[in-house]
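Okay, so the sequence shown: first residue is 24 according to my numbering, each after it adds one.
There could be a bad hint or two in this list.
[Said to hold, decoys possible] What follows is a list of derived Cβ distance ranges for each label pair:
# : residue 1 : residue 2 : range
1 : Glu129    : Glu187    : 34 to 44 Å
2 : Asp176    : Gln283    : 42 to 52 Å
3 : Ala361    : Arg213    : 15 to 25 Å
4 : Phe325    : Gly138    : 34 to 44 Å
5 : Asn141    : Pro173    : 43 to 53 Å
6 : Arg326    : Lys369    : 17 to 27 Å
7 : Pro173    : Ala305    : 28 to 38 Å
8 : Gln283    : Arg213    : 17 to 27 Å
It is worth saying that the hints were derived from the structure and are not from the lab.
This structure is a prediction, so every number in the text was calculated from the model and none was measured.
Heads up, the beta-carbon is just placed ideally off N, CA and C, and yes, glycines get one too.
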Amino acid sequence: MPSRCALFCVGGAVRDVLLGEATSDRDYLVVGASPQAMTSAGFRPVGKDFPVFLHPQTHAEFALARTERKSGVGYHGFTFHAGPEVTLEEDLSRRDLTINAMAVDEQGVLHDPTGGLNDLRAHALRHVSPAFREDPVRLLRLARFLARWPDFDIHPQTRDLCNEMVHLGEADALVAERVWQELVRGLSGRQPSRMLNFLDSVGAWEAVTGEPPSPSTLERVGIAIDRGRALNLSAEVLAGLLFAKAQSGALEHVLPRPAQDWRALIEGGCVERVGRLCEPQAKKRAGWPEELLELAHSADLFRRSERLSSLLTLSAALLDTDASAREALGQDLTELLAFGVGEVAKGAARAKAPVAEAVSEARLAFIRSRIG
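Put together the whole structure using the sequences plus the hints.
Shown next as structure tokens:
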């Protein structure tokens, strides 16, 4: 490190340690150094908007203490200043929440100028300063913190700032890519519905997602998403559920392919097909073999067999399907997917007969004789 500078561990890493949570990320802050001093000490600059450097051996990130000033609209509308004269307190004062504005020095001493430790103990999400309303990404971060920690609540004055932020149009400046980055982290939280309900309550849902608000729909989907998260469904599956039947398509081009695939499966009725096949006495229906084959085709399970487990779990979250019925259906589908049709396809091709039809007939015969 450059001489005559102070090093601190800051932000989320300090918060998580105090919460007793495991953390792998470490954010380091350097006070009293210039960019030139950092490069002279062997650090490699990587920051685009403000000075961030990689350690020459560990490649850990070290940021210079900085201040910021609002100079435009949205989360890019800031001017930053970093220099050896910027103090630790000045750097911490620009952060979003008090629980993220704590630092630990090299002697292990906690620096907490905004009362973050008390808020952590009170399970309160409170802003550091009125400048909180200047960065709309903070709205999303706050929402996903609610999903991550179900026992935390937003300070009333912080909620007022969120309402003001939406009213001033700051949330309209969010871009879809950044929205998805925060939403997917919220969907990985312990109670994702809290994220959805908060964004709706402050009037930000449409600004954030492009979708018109529908409290009843959000409540219904939120319950299903919470159940799916408790059943360990991935964020991509939950995103497919969240944006199934979405109208605007504002986020569609940034949703990863798995999320888009799950959205299509849900909109295509695959979950309802699972529900029907899990009904009591479903196997006694005359068309049960065709229903089973149709589910396998509509969910593309013959090519994407890894979807089967999540599809069955999704039916539990959405339809509360019976566990033993899901297990039995899973076994039936596993047997069907393992049934080889290569020779059938080759024979049909040699006979110049429709291959797809021959394969379907062979699979139906297998279902009737071995499964049904």
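Consistency of the hints with the structure:
1. Glu129 with Glu187: 34 to 44 Å: Since the Cβ atoms of Glu129 and Glu187 sit about 39 Å apart, the hinted range of 34 to 44 Å holds.
2. Asp176 with Gln283: 42 to 52 Å: 34 Å, violated
3. Ala361 with Arg213: 15 to 25 Å: Violated - the Cβ-Cβ distance for Ala361 and Arg213, about 36 Å, lies outside 15 to 25 Å.
4. Phe325 with Gly138: 34 to 44 Å: 58 Å, violated
5. Asn141 with Pro173: 43 to 53 Å: At roughly 20 Å between Cβ atoms, Pro173 and Asn141 fall outside 43 to 53 Å, so the hint is violated.
6. Arg326 with Lys369: 17 to 27 Å: About 19 Å separates the Cβ atoms of Arg326 and Lys369, which means 17 to 27 Å holds.
7. Pro173 with Ala305: 28 to 38 Å: 36 Å, holds
8. Gln283 with Arg213: 17 to 27 Å: 25 Å, holds
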